[in-house]
Amino acid sequence: MSSPLCHTLLRNLDLFAPLSDAQLRAALQGATPCRLQAGAVAYGQGAPGAHFFVLLHGCLKVTQVTPDGEQIIVRYVNPGDMFGLACAMGQACYPATVAAVQESVCLAWPASAWTRFTASHPQLASAALHTMGQRLQDAHQRIRELANDDVEQRVARTLLRLVEQTGLRTCDGVDIGFPITRQDIAEMTGTTLHTVSRLLSDWKQRGIVGGSARMRIVLRSPAALARLCGHVPALADCAACLSCRDGAPPASAALPH
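If you read the sequence shown in the numbering used here, its first letter stands for residue 2, the second for the next number, and so on.
It is worth saying that the hints were derived from the structure and are not from the lab.
Glycine included, every Cβ here is placed at the ideal spot set by N, Cα and C.
Heads up, a few of these hints could be off.
Beta-carbon label-pair distances, calculated as ranges [said to hold, decoys possible]:
no.: 1; residue 1: Ser113; residue 2: Gly231; range: 41 to 49 Å
no.: 2; residue 1: Ser198; residue 2: Ala93; range: 36 to 44 Å
no.: 3; residue 1: Ala18; residue 2: Leu130; range: 14 to 22 Å
no.: 4; residue 1: Leu169; residue 2: His131; range: 23 to 31 Å
Use the sequences and the hints to build the structure in full.
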């Protein structure tokens, strides 16, 4: 049985906001709260798809191991996101591993409850379909980027997406709202740790990114990154960064793909 805390957290999520108290109580039937410490695995790639989930608090990382043994980061899961939807896709096993980036709380329903869950709550079924469609669209976008963009553009686009999803405004800029390593960024963008380190160091010197704490990245000038992607010309918030003020050439000119 879910706790009153879970009820409160669900009520604050956009996914469940349209439900009445009675509908919310019904949706919680059969749900089990799960608390994951940083690094703990919710489920592994290839494990039986026994449950589906909603993240209430924290952040999770979704990774896959390719046939040649390379690990890639597929996406991050944020509060309010549904995940572990193998049952919704007709798959017997989970296609990826999900692990906590930081302490996280989620709700788990048995996969056998999926039909009842979606039949009783059409708006949640619609949200699940939207989630799966968005993930497919994101996958296609990343394939296009790997095929067409240079490494600087790929890293810039990735950081902008993360800020859009989880960014927290601070006095120094916009903080990516969870711990992230340079290796994580490399795995998301199909490049190497060395290349990501060189890029971030260059951007830090040019005033585009900041962040002195370990595993934290702050975007001081999102517009400068957008310009690197070719999205927009230099904007007002680029005025203080050396990249826009001095017209420095992009670091990708000296970096491999």
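How the hints compare with the structure:
no. : hint                           : verdict
1   : Ser113 with Gly231: 41 to 49 Å : holds (48 Å)
2   : Ser198 with Ala93: 36 to 44 Å  : holds (40 Å)
3   : Ala18 with Leu130: 14 to 22 Å  : holds (18 Å)
4   : Leu169 with His131: 23 to 31 Å : holds (25 Å)
Every hint from the earlier list agrees with this structure, and none is contradicted.
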